[in-house]
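Undergrad: Which chain is which? The protein sequence lines are A and B, in order. Residue 1 is where the first sequence starts when you use this note's numbering, and the numbers rise one by one after that. Residue 1 is where the second sequence starts when you use this note's numbering, and the numbers rise one by one after that.
Think of the hints as simulated: they come from the structure by calculation, not from any bench. Any given hint could be a false lead.
Unchecked claim - Computed far set for chain B versus chain A, every beta-carbon distance over 12 angstroms:
id, residue
1, Pro10
2, Ile15
3, Gly16
4, Ala18
5, Gly42
6, Ile65
7, Leu106
8, Leu125
9, Ala154
10, Ser158
11, His163
12, Ile166
13, Leu178
14, Val232
As the list claims (entries may be wrong) - Ranges between beta-carbon positions, derived for each pair:
id, chain 1, residue 1, chain 2, residue 2, range
15, A, Gly116, B, Asp47, 28 to 34 angstroms
16, A, Thr228, B, Asp235, 46 to 52 angstroms
17, A, Glu212, B, Leu19, 27 to 33 angstroms
To be verified - A short, non-exhaustive set of chain B residues, derived as facing chain A with CB atoms under 8 angstroms:
id, residue
18, Arg58
19, Arg80
20, Leu109
21, Gly113
22, Leu118
23, Phe131
24, Leu215
25, Thr219
26, Tyr227
Each residue gets a CB set at the ideal place from its N, CA and C atoms; glycine is no exception.
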Amino acid sequence: MKRLLTMGAGLLVLGACSQGGAVEDRALTVMVAASMCDLAEAAADDIDADVTTVCSGSSDLVAQINAGASADILVTANQSTADRIIDGGLGTQLDVIATNELVMAVPAGNPAGIIGFDESVNGSDLIVCAPQVPCGEVSQQLAAANGLTLTPVSEEQSVTDVLGKITSGQGDVGLVYRTDANSAGDSVETIAIPLSEDFPNVYPLLVIGSSEADELEQTWIDAFTTGTGRERMEAIGFSIP
Amino acid sequence: MMWRTAGAPPRWILIGAALAILALALPIVGMLIDMPWADVPGILISDTALAALGVSLRTVTISTIICVLLGVPLAVYMSRLTGRAAELVRVAVTIPMVLPPVVAGLALLSTFGKRKLLGEQLSVLGIDIAFTSTAVVMAQVFVAMPFLVTSLEAALRSNRTSHAQIAATLGASPTHILVHVTLPMMLPALVSGTALSAARCLGEFGATLTFAGSLEGTTRTIPLAIYLQREVDPDTALALSLVLLVLAFLVVSLTAGGRRVRTA
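Same shape as in the complex, but just chain A (with noise of 0.2 angstroms):
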């Protein structure tokens, strides 16, 4: 009986926080996009609270949180999946924390010698994304503005997929975001995109079952997002708005 009441009086702080009270002893529940999985950890790390971090894909977050599954912060790597969490009133999108941005990626030592986002990509094996998916979607807006048409080997269905096509030395250049190039480590190089700012991948944080963040909420995003948190995205290739 003894624990029940304390289950009781757990599920009333739970609501008192939900109506945005602070309570010390809350766990709190972040959901982040694979690709900044890490920051998250290192960030649950630096603040004194009991945190527990969810990592998978944008789209596999908000199925779970669809699906019934308690969060209380959700970090999507693009706005499409953060609007289905929106659209259905489940939460609340803050602001875009981070964004990232496309980069050729060729394999160390540069075979192939590409030096420019110009005909000679397309005189080599280039590798892309498949149109139909969203970074392949944003390669050809890039490619559009910078008067390119591609013509790629291979079109794959995922920016890893891409990447390792690069870092086996398969392909001579590939289209990738900053930061999975950069996540390869030596295997592969990068080089910058003209007008690649203007076609960003952008990062929303949105409070899951309330429209504003309650402090503890806050104490992790602002450890995410700011002071250390800040540069250690800034550091793997994040650019923060």
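Assemble the complex: chain A is given as a structure, and chain B must be docked to it using the hints.
TA: Same frame as chain A, but now just chain B:
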């Protein structure tokens, strides 16, 4: 109902058997119900579908011919081997069959990749494999040939008749015996083995994606097109799946036909 061999089975067998049939048939029924039947003809004559069909039919035809041309000699050779050597060769031949396809793709990439062992040498000779239909064919042959070899070899081994020996005593050359005596007897096994490997070629996915890439009209086979369309256009993915389902049905009928001839 007639029970051909061991008489009527115990009744409880029926429960397991019925559940097994459900587990195997239900997903297929579900897919047929989900199929956008009215749109299927339109989807199948779309550029996307025709391109994928074209790539698949071209590569599968070439791969199957290669499987037969290389697999039959290997099966004949293996069936004459005995002892340890036979075991070793059999393991080597079976491994590509049981490997996860993505591992098969990595193995091909490590060997024939543009900047790897053989790939680099071939590139110097002007033979570019990367991102061509050649890469698709290599992936298909690698995973599919073992099906032909193992089924034909098993049939050759279990064929303990003395026709070949009699032909030899009558003065026939080894080649003559193989072509006119042994292989004709093996025709049903050859047909079903060929059909099985063609089916495996047709369904090849992981190795192709890893090794050959995915480009419409060049390397994007039906399974790769299904994989890409499944998120953006599930109807097209389903219609293309129907094509594979029909082809699978034909292949299984063909192998069943081969088996009937053999047991007759």
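Undergrad: Against each hint, give a clear statement of whether it holds in the structure.
TA: Hint check:
no., hint, verdict
1, Pro10, "holds, 43 angstroms"
2, Ile15, "holds, 33 angstroms"
3, Gly16, "holds, 33 angstroms"
4, Ala18, "holds, 32 angstroms"
5, Gly42, "holds, 18 angstroms"
6, Ile65, "holds, 26 angstroms"
7, Leu106, "violated, 9 angstroms"
8, Leu125, "holds, 18 angstroms"
9, Ala154, "holds, 37 angstroms"
10, Ser158, "holds, 43 angstroms"
11, His163, "holds, 50 angstroms"
12, Ile166, "holds, 55 angstroms"
13, Leu178, "holds, 41 angstroms"
14, Val232, "violated, 4 angstroms"
15, A:Gly116 to B:Asp47: 28 to 34 angstroms, "holds, 32 angstroms"
16, A:Thr228 to B:Asp235: 46 to 52 angstroms, "holds, 48 angstroms"
17, A:Glu212 to B:Leu19: 27 to 33 angstroms, "violated, 53 angstroms"
18, Arg58, "violated, 18 angstroms"
19, Arg80, "violated, 40 angstroms"
20, Leu109, "holds, 6 angstroms"
21, Gly113, "holds, 5 angstroms"
22, Leu118, "violated, 14 angstroms"
23, Phe131, "holds, 4 angstroms"
24, Leu215, "holds, 5 angstroms"
25, Thr219, "holds, 7 angstroms"
26, Tyr227, "holds, 7 angstroms"
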